[in-house]
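A.B. asks: Construct the entire structure; sequences and hints are all you get.
Top line first, the protein sequences correspond to chains A and B.
As numbered in my numbering, residues 432 to 804 make up the first sequence, in order.
As numbered in my numbering, residues 10 to 351 make up the second sequence, in order.
The set of hints was computed from the structure by calculation and includes no laboratory data.
Some clues are possibly wrong.
Stated by the list, open to error - Derived, one-sided and incomplete: chain A residues facing chain B with beta-carbon distance under 7 Å:
1. E489
2. H660
3. L695
4. P701
5. L714
As the list claims (entries may be wrong) - Which residues of chain A face chain B? A few of them, derived with a C-beta cut under 10 Å, are:
6. S490
7. Q599
8. G716
9. R733
Don't be surprised by glycine CBs; every beta carbon is placed ideally from N, CA and C.
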Amino acid sequence: MADGAGLPPGEPVLSVRDLVMHFPIRRGLLRRRVGAVRAVDGVSFDILPGETLGLVGESGCGKSTVGRSVLRLYDITSGSIRLEGTEIGRMSQSRLRRLRPRMQMVFQDPMASLDPRMTVESIIREPLDEHTGLSAREKRERVAELMDAVGLNRRFAARYPHAFSGGQRQRIGIARALALNPRFVVCDEPIAALDVSIQAQVVNLLEDLQERFGLTYLFISHDLSMVRHIAGRVAVMYLGRIVESAPREALYADPLHPYTQALLSAVPEPDPALARSRRRIVLRGDVPSPANPPRGCNFSTRCPAVMPICREVDPLSQEVAPGRTVACHLHGPLAARTPNPVRETTRAPEAPSIPAGIPGDETPGQTPTRSVP
Amino acid sequence: MPDRAAPVLDVRDLRTVFRTRAGDIHAVNGVSFELRAGELLGVVGESGSGKSVTMMALLGLVPSPPAVVSGGPALFDGRDLLRLPEAELRRIRGARIGFVFQDPMTSLNPVFTVGFQIMEPLRRHLRLSRRAARARAAELLALVGIPDAARRLDDYPHQFSGGMRQRVMIAVALACDPQVLIADEPTTALDVTIQAQILELMAELRARLGMAVIWITHDLGVIAGIADRVMVMYGGQVIEHGPVEAVFARPTHPYTRALLATVPKVSGERSRRLQAIEGQPPILSAPPEACTFRDRCPHAFETCFRLNPQRYPLGEGHDAACLLADPGLAPWGRPEPRVAHG
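C.D. replies: So, in structure tokens, the structure goes:
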């Protein structure tokens, strides 16, 4: 599916298929269910051993919900999640507990995710207390080892989180996540709350630890430049769906989905000469509510390249090159595989009209013409 | 734009100390800058660098006590803002100097309609009638690109999205046609595609209204795109300042250089490893008597630990507060400027 052809031998550490996570909206005295926030609405991806998959998107796109769902911090609505071959999508929390040491999480805000009344040592030791039968001395040694690994001075083990700076607190969170030797770590915006000069320290640390302990990361972030640095493959989310996924170089050099193009062009360029010459695609309007997504393609309400079919038919994710998928009518066999037939469109499916001047659109063999119905 | 226009704002040696029970914190330590008519001055710095406190001190918005503002003068239109009586300052603040803060959710009052909040400065400062104020408020909302503006005046802040609320904040700030707009991280809480909308709007409004803008941010990318001049702050001081092209092409202070190197880009070459700035920004319990960046600086030498460097001119209105920029002290250590065209 996602990576068909060029898949190296070795099973993915994490394999997600058609993940759906809807949060019910309840109203009234009887808390009757009146709708659902479709936070994640059919998401599939694989992460190979030792790899970092970057999951990017803007606030509310569902990227954090994906991260929490694959660790089963939620009871998912439907879909399959396989961690090293074991299906955990439907597993009970009590059985999941035995698998918890293998999958861990680094949270965004270290101040909110560390108990202010626990010392650094007890914070890092807690997973060892819960999941191992180590002796007190062994635990103390392990905590000291972990503090060394993340670059915290072991002399500070008896201090409380408030005595540390933001970057150091994030190191405590990372040490706690690594305590049980996990294989797979979800990093949910691990640097978003940090100052720029500190971000680089934490990212370098995450990379060092990955190499040293053979970790596999799902790196969730809204920061496209940082994801380009850390991730080998990147998936772009919009309103509960992955709209494009590709190897890093391909995605940044030649984004295919109009949303990816707009997103990349909106990242400020830290070079005044380039910044002024660059063409910025400014999207109009706001992201629609995930409780009431638009008909057809989710991006059709803001897409600068929108066609009539986009407002009717939801584009399927198509593999356009090895390891590269796009869910957009501009790419792949247009609507050919969609289950519901296109009505009210007179255009032949193989000859879509593309509005002139879509930046970066290189679809071969299609003449840009603007046709007004 | 950076021509020889007279400065609208001329700040000299501004200082602010917070006197707390846990001791003094010297947040602003002798900041001097000018803002010329119609230009956009970018102020870059990390949290704790004193960039926000500097602007709040100018406007008389730091609570005192615990803050003690000293130094100056800070001349706006020939008058020293630091020594104006509160009543007069109030007449300037929000009227002739507008401001926009980072988080639009906390700076708009949730219990009043958006229209009421835009009309308030109009009625207060310009003494407009209710009807005139309402008409002007609708105009302003339309100006910042909110569709169906007249109808949306009766909506409450929670009915607007984050990007829209930030537009409302800008509308409030623009209400009285200010000469100066101070924007403190106005796009930091927003997504990049919404940020792009706001930046475009700002460029348009500046061209149309010709006001001078101070734009505070930690994002060098934003500054590169919109600023005429940039001022880099560290430890409550200006450590580098100059035309944006010069500062980005020939960053001279090691902090500026590190800051530019540490940020990964979405285009161009990808570095294998990020250049981190080790250590932490300082918290100053006394006025700096040595370079505030010395402990994190790869070039620090003995003098840096004894002397707080002045701002050395580098030509073209570019200056840096680093001994490496002192022509007399360290000819060997001066960074090679990248070759400029021509």
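A.B. asks: With reference to the structure, classify each hint as holding or not holding.
C.D. replies: Here's how the hints hold up against the structure:
1. Given hint, E489(A) at the interface with chain B, holds; its Cβ is 4 Å from that chain's nearest Cβ, closer than 7 Å.
2. Contact between H660(A) and chain B, as hinted, is supported at the beta carbon level, the nearest pair being about 4 Å apart and thus within 7 Å.
3. Taking 7 Å as the C-beta contact cut-off toward chain B, the hint placing L695(A) at the interface holds, the least distance being around 6 Å.
4. Taken as an interface hint, P701(A) checks out: its beta carbon lies about 4 Å from the nearest beta carbon of chain B, inside 7 Å.
5. Using the Cβ-Cβ criterion of 7 Å, the hint placing L714(A) at the interface with chain B is satisfied: the shortest such distance is roughly 5 Å.
6. Evaluation of the S490(A) hint against chain B yields a held restraint, the C-beta minimum of about 6 Å falling below 10 Å.
7. At its closest, the beta carbon of Q599(A) sits 8 Å from a beta carbon of chain B; the interface hint therefore holds under the 10 Å criterion.
8. Satisfaction of the interface hint for G716(A) is found here, the shortest Cβ-Cβ separation to chain B being roughly 9 Å, below the 10 Å cut-off.
9. A hinted interface residue such as R733(A) counts as satisfied when its beta carbon comes closer than 10 Å to some beta carbon of chain B; here the least separation is about 8 Å, so the hint holds.
The earlier numbered hints are all upheld by this structure, with none contradicted.
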